[in-house]
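As you go down the protein sequences, you meet chains A and B in turn. Okay, so the first sequence: first residue is 7 according to the working numbering, each after it adds one. Okay, so the second sequence: first residue is -7 according to the working numbering, each after it adds one.
These aren't lab readings, by the way, just hints derived from the structure by calculation. Just so you know, even glycine gets a beta-carbon here, dropped at the ideal spot from N, CA and C.
Below, computed lysine to any residue pairings styled on SDA-like, alpha-carbon distance capped at 25 Å: (1) B:Lys96 x A:Leu132; (2) B:Lys124 x A:Thr164; (3) B:Lys124 x A:Gln232; (4) A:Lys60 x B:Ala63; (5) A:Lys147 x B:Gly99.
Chain B is faced by these chain A residues, among others (derived, beta-carbon under 8 Å): (6) Ser142; (7) Leu143; (8) Gly144; (9) Ser145; (10) Thr146; (11) Gln149; (12) Glu157.
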Amino acid sequence: MTGLTDSLIGAGKLILTFDSELVSITVLTLYVSLFGAIAAGLIAAPFGILLGLKNFRGKGIVVNIINTFMGLPPVIVGLLLYVLFSRQGALGNTGLLFTPQIMVLAQFIIAFPIITGVTLSAMQGLEKDVHELIVSLGSTKTQRMSLIFFEIRYGLITAFMAGLGRAFSEVGAVIIVGGNIRNHTRVLTTSIVLETSRGEFEQAMALGIILLALVFVINYGITILQGESQR
Amino acid sequence: MKPLLTVKNLSKTFDGKYLFKNLNFTVSRGERLAVSAPNGAGKTTLIRIINLLETPTSGELYFNGKPAGDARNQWMVRRNMAVVFQRPAVLNTTVYNNISIGLKIRGEKKDVIDKKVKNISKSFGLNQMEDKNAQALSGGEKQLLALARAIVLAPDLLLLDEPTSNLDPENTALAEKAIKNIASTVIITSPSAAACKVATRTFYLSGG
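Throw the hints in and build the complete structure from the sequences for me.
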């Protein structure tokens, strides 16, 4: 118990003094997770909507693949990207391995099926009557898409939150492709793993508190946004 | 004068059975045509086909003398129509936004939209609930909203599928007055001819 209290006090000191390493790790975490989730959301949400709207041969298989990839183990993503971007890999000449950019790509790949799947589920919840109302009003394809976006906005927010939550908590893929390099590719989750293995519990605890606080603040902001869009 | 709507040899089958067969009729501008038929005879399906929400098994539709079924310009044809279904759908937003949505789609200016919505919501007794979420309305209120949303567009053709089925006598009278007062051509379905007081002509649809 004393150990935990000491760790918490030490963590509080690190946070209050704006420890420079802590700040850079936090900033990188925000960059990697937000960019990965936002990029995934920008493509996955329209894709999920289109998938919900269109009927085509093989749709069941596509939906099954997405559902399967929603539970995709991040270490597999990390491994595949590592093989692809390592020096001998097909994309080795890009020099992206062990950079924040490839960490964003990993987060994108992990968040994409989650956001698509939750959006598709929101589309399935969209009443047929409402969709027909939107069509019967004489909307163009673009207007139809934007009205559907508006109508399933709560589902889309949930989809984005699910994708972002996964990105924030991700360790496996980013540690493989990022390498957990100090002041370069070290993010909150990978740092927690490192500091814990080193026995640096104060540092690990501080990182954990920051990670929780970040998730809380972002979720709270989105909840407020949801409340605003109730109208 | 060219009829606004021409229906030629229209048939619709479900599970190999004819819901209606070789339907032929025209609707002139300004006319209020009642389609009377018992339940299950295809009234709603006919309205859906005219609104291009459903394709007929065979036959053709001409709107303003032009074939209406071309998939590329369906949205343009629909912009000249407005439809109210028996169980009206509402968007998950305010009453005001629900009424104004068709006008926004048609690119009307904000001040014009505001004026039109205020007028129509007042005449339908919805002005006190403009800021309320439409999903919280009662069935009757939703029906009034759907009528207001359609009538505010002043469409060439107003399609009404048993539009007063959820309304009490007072609101039925209100709706009928509004339908009579608009300049649009109207096709209105009703289970009995007697129930449809707004029609200038009645068309009986018998199953098969």
